[in-house]
Structure formats: structure tokens, C-alpha cells
Amino acid sequence: MQNSTFQFWRRLCLLVFALAMLSVSGVYAQQTVTGTVTSKEDGTTLPGISVSIKGTSQGTATDAAGKFSIKAASGTVLLFRGLGYDAKEVTVSGSTLNVTLDTKQNGLNEVVVIGYGTTTRQNITTAVTKVDPKKIPQAANNSIPQLLFGRASGLQVSQGSSQPGGNINLSIRGRGNPLYVVDGVIFPGDGLEPGNGTIAGETNGVSRGGLAGLNPDDVESIEVLKDASAAIYGVNAANGVILITTKKGKAGRLNITYSGSYSFEKNYPYLQPLKANQYETLYNQLIVDQYLAGKQQQPYGPNPQSGLPTPKYSTADIAAAGNGTDWLGQIFRTGAINNHQVNINGGSEKATYYFSGGYYNEDGTLKGAGLNKYTGRANLSFTPTKFLTLNANFTGNTNSYLNSSSGGQTGGSGSQGFGIIQAALGYPANVAVRDASGAYTRYGVIANPVSLLDVQDNTSYHSLNANLSADLKVIPGVLAGHLLFGDNYEAANRTFFVPSTVFYFSQNLSRASMNYNNRENQTLEATVTFKKDIAKFLNIDAVAGAGQYKNTYNAFGSQGAGGADVIGATNLSAETANIGITSVKTASKTRSYFARSSFSFLDKYLLTLSYRYDGYSLFFPNTKYASFPSASIGWKISNEDFMKNVSFVSLLKLRASAGTTGSTIGAAGYGGYAPDGNTIFFTNGAVNYATIARYAIDHPELTWQKTENKNIGLDFGLFKDRVTGSVDVFRDDITNLLRTTGPTAPLSYLSTQPVNGGHQYRQGYDISLSTQNLKLHDFSWNSAVNVSHYTYRWKSRFVYDNLLAYQGVTYQAVNDPVNEIYYFKTKGLLQPGQTVPASQPTAGGANLPGSPIYVDADGDGKLTGADIAKLNPDPKISIGFGNDFHYKQFDLSIFFYGQFGGKGINYNNAWGDPNSIVSSTQSGTVQALNAWTSVNQSGTRPGVNYIESATGLPQGSDINLVSTNFVRCRNLTLGYTFNSPWLNKFTKSVRVFVDAQNLFIITKYKGVDPEVSYASVKGGYAPYPMFRTFSFGLRAGF
Amino acid sequence: MAAAVTVSSCKKGLEPQIYGSLSTTNFPKTEADFVNYVTEVYKPFQSKWGYNDPAGYQNDWFSPEYGDIMMFDYPTDQLNIWTGWGGIFTQFSTASFTFLANQGTGNNHFEKIRFVTRITQIIDDINKSTISDAAKKELTAEARMSRGWNMYYLLQLYGPVPVILDASKINTAAETDLTRPTREAFLASIVGDLTYAAQNLPKSPSDYGRFNQAIALTVLMRTYMNEKDFVNAEKTGRQIMTMGYSLVTDYASLFMEATERNNETMWAISCVPDQDGNENHASFNPWVFYTYPKDYPGNRVKDSFAGGDAPVSTTWAFYNSFDAADKRRNLLIASYTNKSGVVRNQANGLSGPVIAKYPDLGGASLNAYQGNDIPKARLGDVMLQLAEAINQNSGPTAEAVSLVNQVRLAHGGAALGNVPSSATATKQAFDTWLLKEEGWETYFEGERKMDLVRHGQWQSALTSVGKNAGPYLFPVPTYEITASKGKLTQTQGY
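In order, the protein sequence lines correspond to chains D and P. Residue numbers for the first sequence follow our numbering, so the first one is 10 and each next one is one higher. Residue numbers for the second sequence follow our numbering, so the first one is -9 and each next one is one higher.
It cannot be assumed that every hint is accurate.
Chain D side only, calculated, beta carbon under 8 Å to chain P, not exhaustive [stated by the list, open to error]:
1. S582
2. G589
3. Y614
4. G686
5. T692
6. T750
7. H786
8. S789
9. N811
Residues on chain D that point at chain P, a partial pick, calculated with CB under 8 Å [claimed, not checked]:
10. T579
11. N580
12. L581
13. T585
14. F691
15. V696
16. N924
17. T930
18. A959
19. P963
Once the Cα atoms are required to be at most 25 Å apart in a straight line, the calculated BS3-like pairs of lysine-lysine come out as [stated by the list, open to error]:
20. K457(P) / K284(D)
21. K284(P) / K871(D)
22. K321(D) / K329(P)
Derived from the structure by calculation, the hints contain no laboratory data. For every residue, glycine included, the Cβ atom is placed at its ideal position computed from N, Cα and C.
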């Protein structure tokens, strides 16, 4: 206390002195300028930054605390330069000058983590993309995957669900969930989320992603291994690898960084439900149209209209109905996020430390949806003697989720199993929330949307990660050893309770379940590294090691119905009906030996060889181990003599890689008997037997699925690295495709079996480009663009896979894209009086006016497999595009991502299906107003008498096939970094910012969002809404 | 060095750990093991939504959706067309089966050809085991009952289908041979299984709901009937008549939970109230949820699945075919006062009489699924079929007429009276009458399609209610034809 008071007075005196000096500086040109240089991303002070007066040789450097002092006249320009940072020019305008520097991206010497070691951008021979998360706005994000939308070439990121903590699908070159390695420890990539049992399991709208226990603010860098570079991770690397490195303490003085923000969330426009009067009018009309078609009356048939049914809603009813209840308004709200992060780091030559604490609280835009997340981390490093460094990284975390039943039901129960958003769309607006007695109203078998807010559904998730390692320097700079043990433990507990006041699944019955699961992933590794310049022309960098990886998973759930509401899910012994328990336990172990060696000849020719030998416990003894080799070469063209005079090229490197990666599956090779989930009850329930069925026979012939990765790339740096980038072309061949649920012979008593066979391939390209467009005195403008493309096709199929055929004509080809969509083309709707084409299906009302006209592509007068069209729904191109502007103390960045050339089935259209409305089971969206009816013959959507599922065709029509193209503005951020002498007395740097996340989307897609994952469910899918987030925050370093 | 410490041996410690299952080396061994193992054969003969299979969700033969009622009653003249939910409701109620050719492996009864192989394996495992001969016999009888009944239903759906009945062919190329067997060979397999079952199953098993002698004989009799092998059908029917079962005098009581165990019902699906239809819970009876209109004031079920009209209701023509005195008609509600106090009937647009065959009087809470057992072998049905067989073999004998009259008296009531003499005048007249009588007696019990086909009335009956009668068999899935490389022939008419 006394000390700080003294400090304050000392600083005040200094300030007075400085002011006094300033007053005379007009006379004396030279003055002493002092200040601190800090890093823009994390606010830490930067030692060793060169500070010079532009155009002269005068200069100094910052000390260990990042401070400098230089004599310079007002108006002179100081140049700040440091390894790994963008140079910066600042004009002297006073005696204090605090400067923040940006991390340099894509510099030639930028360090790139490649797994079991590092290399630099100029020496890398494989396709690895580096993402600096510190450059990405984090205010409204709670997980690492959220930061990655569009940020890396070749990395497709898409929103699985936008609910708090919702799943984000990461896929490298279209391969699916990659392997995650955090500080050397393998992390599971999928979310750990218990289900809610089968008691009301169809309300399970939860979809969560992996890495939920980590704090994005703790991440130093993210590397994406896209090609054979992943082969060093062998059997689990077929989908590529994402390496995450956390922040470490740095020797130097204490740094404290705080960042905090407040955000609010506003939904994008959601699907628009029918208003009460629209619903009633439409309902009346649809009943009439159904009647007319049934009686073959005009315009559906030759008979004159007669005996029309009495309208359910009178003209007076409709006039009085008005807009009715805004059900979506009842369940949606403005969301909010509070995000606070503190980290403290520093250290000495002997020890460094990094401590952080994070708090993130999100109230979702759907009532009852939320996330409360706490994280803590300690990354410690000790060097007790010259040859030994001990490291200990710990992370602990708890997430409390408030779950919502958004999405769609997971079974086929229809409207009785609707989740909350489904119910809000399905409930007609002419029904009030509560009846005269104050009880929830009822409509059909749909649960009242507002009553569903009474469902209690919470998940509590904990994770604990310990990562202990030792570095042993045997010969300093040449030979070193590394020993690592990492353990990641996660546990989640979900309580779920539907009170009996909720009319759900056709019953006022309480339902409760409690489900628990946990998993542990251990990494134990020992490596030896060797680095040496063998001769003037040859440098070797080699690593060899062994590892063992253990995974265990346990789950337990119990459930019942009929207990008292006050007890909830806290004591399941209160339940009286439908009592059930489940449990699961799995374990697997992988054991590995690996080595990699990199050679550099004459600093021009690069060669890297790697080899991994993996054993997996769940494979048969004779195929327990497999090899995963890789080789890559690079040619630094820019270092050749003939390039000496080409001064605008700083780097030109051609590289190529080839290698093998693998993937494991569960206990597929071993046969056995197990309870299959069915229980047979006799004597009216008094006696029961769980059926124990043979689920598999032994498959000693199974072998490893292997992916052959090939990649050719070009890295370049032009105009003193003002333009840098990479271009990669790749092909993956997935051979020996291993499918656990492979087809069997038609008469086998096992309907599936694990089987090798089939061959798929992916090919495509990724391009990334960074440019420094403008660099003026006070203004700079940088851009980054990435573009990715891939296709994913079959080369050969499994032996019992049968190509789809219809009416004797095969329409599926052996080499079709894997995700191919097959459909019938249609052209407009049948109109009254129009001749029904001979090829038109007759079932499902397809021959009545208002039904889509099916295109008979080959003109043979009937619909066969030859008339089925196909297309690849995968986007042709994904892009990311960002711009950063700096003007004096201001910074502005804007980032877009998007996709083009994709198509998909728009499942939102199910809500506009007039047939659901007329069956009185649900209301719908305004899209239903476009339905063709006898009074709306210009309607563009099929009429009430057309039921596609009843046409008997093997594939659907194209009426719901739409483009999924979009460009989204992911972030627009404006920041201001203070450079005020007064503030600088207390802080090293202060930056305030406003950020808008998902600010807008440009798309023709009609529905909730083209990016969100959908499923085809009875009644219609209703995903968690997409929303904009507006954040206000500050970041301060002390 | 460090590497050596970490991993001492390549394979040691890398043995698989597989939890939650029994290894092939230690199961099944004991008699108790086999009792558990054989229980699986009951799986398709339950009333639940269905069961999970690795190839997809499959339906039970008695599932409410895509079970026997939907396949054998919905497409006939007894039940109305209903398109409100589209999909299988539209297709089955309109007797349009073409869509089944495009089925995938899920929700597909044709996939039960694999289940037949599975039972063959189970029978072989029992045979090769060291358990007692008595246990072997009884367990084999249960397994063969299941296999025979599965094949019976497959025959009614698709005609003869390829099956593996010889365990030595399992896991060989024979599993890819989808050549349809001859009808004679396929029938002989069914008869062989059911005959063995009838000889070796107990009359009254210790667990109510296990297969018994009567269900084996009843399915065997229907097999003969549907093949018009009336001689064997008569013989089997007479055997059932000697077993000691007798008609109850209150038809409605056959379908009520309180009186579900009686001397007429020979075998029923044992159902439990308050279940959810999931496969880990007991069989349920959800029928009123499908047969009550939205506004119908049920006893315990106040909210059916219906959005308006009931998805399943009988035709007015069928209702009107009853003699007004027939008590069996009382389970069809032609007029009711709805929840709003309005009378609903044919005159004001009720789509069809409400089927209240399984009254909703049970369940711990309102709107719970019911527990009424669902009879699948019933003496009243057997007596009518026996009468039909005798008539086919020997004309309208007094015995045959008497069988029908006994059923009419017991179930229809004394006021109903005997079969009119004009209807028993000739073999043809009596046969025509018998189809009607069978309809009145066993409506909504999953028998109508077979009855219509056997009597040669499939086309005319459907036309009479405005349904287009195509082939009465289902097409086999196209993917199986492809898989068979053309060996599997498509059902005639598709």
C-alpha cells in the first residue's frame, strides 16, 4: 500500500516534470521520449524491440520490461521493429509514447507447429495453415471452434447448432471431425453430452461440440495439418489434425491482462408463422379444396361445385381473430453475454508462469437456453538446472448448460413430440396462451409452447486436464529428450424433468431422467530430438518417440414417469411407470512408435521423412499393428542463384508430400452376444427377459482403413513479404474403407457387419493470400483471403452395396459423389384443364391440379430411373475474406465467410405444407399462403391434395431443393487503443472495442439459415435461431 | 531409452477390452443361458412400436404402424381410406402397395428373411448344446413356432421367399442366393415348423404369453386355409376343438383388460397398461389413440392422436352390413356426443363408426396407453374357419352350420338368431355368408385380407368401397432384387 502510494507520487512528479520539459520543448528540439511497447493481442510488454529514428542510425531497444527511452525531437518519426511483429512508425508528439505492435503473419521465419516439433514458414514442406486466435474477436465466443469460421484455407467450419455451446462442425478438406492435439495431448473432438433417456427422448434438441472445457482466450496458436503432415499422428489422423498451443509465461516482468465485454444477441428473422386470421381463412379454404378433389368437383374434376362443407371459422370469427398469439414472441427474447477474462503471466530465467481465469455467461435468445462457463488454467515451467525443464499445465472448467428442446424430435412421433420451437410454429395463432381458468390451452396433441418452458433440462459439465512434461537437454542445442503425460477427464450430468402440468406426448404425466457420462483420454509419450548442421550444406532435424494412448468412456442413465412434480428428477425412486436404466462402458488403447527426420541441403532442397507404427487394442492380433509412412520435399527456388536478381521475390518454394493416415473404429473385429435393448414381458408384465442376441461374429480378416494423402503446394512471399500466400492441390484416396455397419449377404442373420472394401477419394485445392495493401504513415490496410474447394466421390463400392434403381433403370453410378442427392425434376404446377402427362404419378394426388408436373426427362411416357436427376450438394467453393485497417489509434476489421455452389433440401418448407394444416394437427408458416388452391390458382407451392410421400416414387421432387449459397459478415470490429499519459500511469495498454458478430448474411435461402444443420423430421424441423451479437468491451494490460 | 521405458512389449497389454457383451467362448452354455438366448424369437411377435436392428428400425408383426392391422385390415373393405398423415396411412388405407418396392432396409418386413436365418442358427445352437433333452425340445418348439409364424406372415405378404433352414448354409455363399423356393417347399417348411411346435409346446406354459399348443395349431390351420387345403385345415380345426376351449357369451369381454384371460382366447399378446411402446418395455395396446376422433369423449383416453377424423375407422358399408341385433356391432360407435356436446354421426359428417373394440378403462393416469391383451388365437375364429373348411370339403353340413350358429348365439346374442336358411342352401351360398360372418366376428383382428383372398373377393370387396384393388401381395424391395443379381423375382403384378 505504502509502496504504491509512493509509486503514485513518483509518477505524478515525473508527469509534472515531463510537462515542464514539454513547455520548453518548443525551444529545445531534442527531448527524451519514454514509453512501453506492448503486444496488441495480449497486452504483454515486449522486450528487445528496436526503436530508431527513421532515416538515421540512432536507436535503442526496449528493456526486459518493454520500456525504452530515446532522445527525439517532436515531429520526428520513430520506427519500432521486432522479430515476429509488424514494423510500426509513430510520430513523436510528446515525451511519452506507448506503442502496441501487431504480430507479424506469414513472415518467413514465423514458427509453425507441426507436431513433435516446429519448423518455419520458409522451411515447411507440407500443407499446414496457421491461425492466430488472438487476432480474432472473441467477445461473443465460448469455444475454440467458434473462432475458426472461414479463417483457414481448407478448413470448413459450419454451424451445427447456434444454441449456447452448440456444435460447430470442423472439417479439414471435407473429411469430417479431425484429431485434436492440445499441447501434445490428444483431445476428443466430439461433445460429451448425455441424452435425456427415452422417457421423453424426442425432446432432445441438444447438439454440442468438443473442446468444451477449453478457454479460447488461453490459445496462443492453432495449426491445421492438412496433408501428409498429419501422418506423424498415424492411425487417428485420417481426417487431418488440429494442433492447439496454449499461452505460456515469458521471462520478464509481471503482466496482467484483463479483457471484458458485454454483448447482446438479437435473432435473425425466424420462420414467420401464420397469423390467426390467415390461419382460419386458409384452413377453411383447404377443407373446401380437399372436399372438391374428393368429389371430383371443379376445378379438380368435371362435376360442378355443390354441397361445400360449412366453414369451420365464420367470417365474424376471422374478423375477430386478428393477429392472434405471437407464439415465437412468447419463447424468444434478446440474449446477453457477459465475458470476463484475466490472465497473469511472467517469470524469470528459472521459472515462468501463466495463470488465467475466465467467466462466460450467455442467456440465449430462446428462453431457457443458456450457458455459464468458468475456466481456470495454470501453465508453469521450471528450469531447476541447465539441462532440465519441468512443465505443468492444468486446466479446470465447469459448464452449466440450460438446455432447450430446439431442433426437431429425434423419433417419428409427430406433433405430440414437438420441441419448444416446433410447438410455437405448430400452434395456431388463434389459440391463447392460457384459457379462462388460467390453465395452459391445448391444441391437438402439441404441447403448449409456453408450458414447455416449464421443462427442466440442465447439463452440468466438468473437465480437468493435467499435462506434465519434462525436457532434458543432453547436448544443448543438439540432442534433447521430452517426456509427456497428459490426462483429460470430462464428466457430464444431465437432469431432465417434464412436470405433469405439461401436456406432452398426449399425457399430463411427469417424466424424469438423470443421465451421466464421463470419459478419460490419456497420452503418454517419450521423444528424443536431434538437430545438427552436419556439414555446411546439410542440416538435420530429427525426432523419434513412442507413445501410448488410452481412452475410456462410461455412461449411465435412469428414468421413470409418474413421480410427484415437487420431487422432479432428484429422486427417481418416486417414479411409478416406464422405469428404465442403461449403462455403457468402452475402453481402447493405441500404442505407437514414430520417427521423423528433416534434411535441408544448401538451404535450397528440403526433405522430410516420417514413419509411424500404430497398434490398436480392438483389432485382431494378426492385424494389430500398421505402418503410416510419409515423405515430403521442398525446393526453395528463391534461394537459387538464378533468382538472386529477382528482388521482388522473397520466397518461392515448391513442395510436394505424400503419406498415409488411418482411422480406427470400435470393437468391430470381435463377435459376441449382448442384450439388444429389447425386453420380452410375459404374464402381463410379471415376468420379463432381456433378449440376448448374437450381434457379430469374429472378423479376423479386418484390416486398417488407410488414407493416402497427396499434396503439391507453392509458398510465396513477394515485394518484401507484402504479398504472401500458398496454393495447394490435393488428393486423398481412402482405401480399404472400413465400415462398422457394412452390408451383409441378404440372408445373413446379421444385417450389418464390419467390412473392408470400397474406395473413396477427395480432391481439391486451397488458396490463401495475405496482402499489405497500403502502408502509410498513420494508416495501414491489410487483407487476407482464402478459398477452398473439394469434391468427394466414390471410386469403388462395398461388395454388397447395391446401386439404386427404379423401374428397372439404375440411376446411381458407381463413382457418384458420396453425398449425391437424387431427385425428380418438376416444372410448375398442374393447372385445371391441363392434360395430365402420361408420366405423371397417379398416387398421392399427383394427377390433380396444384400438383408439381414431373419431368419425364427421356420422354418415354413413364417415370423410371432414367428420369431421376442428381447433383452434388456440397459447396463448390468456401471462402474467407478479411480486411484490417489501422489509422492512428483506431483499428477496424471486417471479416466475411461464405460458400457457393451448394444445394440442399430446405426442410423449413415442411412448415408450409398445407396438408399438415388441414389435418388439424398443426398450423404453419406464411409459406402455406403460396399453396395452390381453387381460389389461388397462381399459387406457386403444391396444393393440399398433393402428398409427396404418397406418390410411391423412390426419390423426392425438386420442390424443396434450394441453393445454400451465402456470404456472412462474421465480424465487424472497431477498436481504439489509448495513448494517454494519464492512463498510461496505471496501465500498459488499454483498448476499447465494439464488435458485431454475424452482423448480416447475404443469401437467397428462405428459411432459418442456410448454414445450420437440418434433419428431416415429422412435422418440420425448427432449429435454434441464428442471431447477431453486438459486443462492447475493453482489454487492458497492467 | 525413454521409449523403452514407456512401452515394454508390442502386443502385451494391447488385448481388447470389450464390455457389456458375452464372448462366443462362454455363451450360451447352461439351460438358463439358453432360455435367455431363445427369448429373442418372440421379438417380432409383440405389440410395440418396433425394435432396433443394425440395418434400421423394424416393426413387430403387431406394431400399431406397419403391423398386421395396417397390412391386413386397413387396405380392405372394412376400414376407411385416410390420407390425413400421408405416407403409409394413405398407402395402406388405399391398398397402394407399390411404394414398398422402394423401401430401404429399415421398417421393412422383407428383412425378416434374416430373422428366419437367425432362428435357424438358434435351433442349431440348441441342438448342439449339452442341456437336457426335455429343455432342448421345449426351446426348439418355441423357436420353430416363431420361425413357422414368421414364414407364415412372409408368405401372406410376398408369396414364397428365400429362407435358410439348414444351419450348415449359414455364413456360406448360400446367404446370397435369393431364389424363391417353390410354394410347395415353402409351405412344407411352415407346416414342418408349426407341426413340431404343436407337438412339443405345452398347452399352458408357466409364463402366460409364451407360445402354446393352440397358437401353433391355429396358425397351422390358417396356413392350410389360406392355401385352400381344406382337408388338413378341417383336421387341424377339429384337433383344436378337442382342446377344451369354449366360447364366452359376452363378445365385448374378450377385448377388455379385466376379462382378457378367458376360456375362449387361446393365445394373446400379453399387454401392460402405462407402457410407452419402447422395446425395453412391455407390449401395449394403443389402438384407441388411432380409432378415437379428436372430439371423442373417451373413458381414460381423452386425447387421441387424431387431428379431426380418426385415422382408423370402419366404413359405413361395413357397419350397415351387420344385423342391428348383432351385439358384435356394439363395439363400433355410430353415434356419440362429442366433447362439446354435439352429436356426431353419419348424417353430420362422421367419417365412419368409431372402433371401440379395446375399451380404454385402464392405465394409472389419463391418456395412458392401455393394457388390453390382443387375441391372436380365438376359438370363435377357429370355429368359423372350421365351418368354412367343412363346407368346402362336404358342403353345408349341419355340423358346419351349427358351428356358425354357436358363435352367433354366444357372441351376437340370442336376438340375432341363426344363419338364414337361404344362406345355407348351397355350398356357394354358405361360403359367401361365411365371409360376411368372419368379417363380423374378427374385424380389426388382422385377418380380413386373407379372408377376402381366400374367398376370391379381394377385387370386388375393394371396388365396393372405392379402393383400387391391385395385387394383394406386396412387391419385394428393389434393392434385394438387385442384390440377388436377378435371382429374386418380383412379386407378380409389379
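Structure-based check of each hint:
no., hint, result
1, S582, "violated, 17 Å"
2, G589, "holds, 6 Å"
3, Y614, "violated, 30 Å"
4, G686, "holds, 6 Å"
5, T692, "holds, 4 Å"
6, T750, "holds, 6 Å"
7, H786, "violated, 55 Å"
8, S789, "violated, 48 Å"
9, N811, "holds, 4 Å"
10, T579, "violated, 21 Å"
11, N580, "violated, 19 Å"
12, L581, "violated, 16 Å"
13, T585, "holds, 6 Å"
14, F691, "holds, 4 Å"
15, V696, "holds, 5 Å"
16, N924, "holds, 6 Å"
17, T930, "holds, 4 Å"
18, A959, "holds, 4 Å"
19, P963, "holds, 4 Å"
20, K457(P) / K284(D), "violated, 38 Å"
21, K284(P) / K871(D), "violated, 40 Å"
22, K321(D) / K329(P), "holds, 16 Å"
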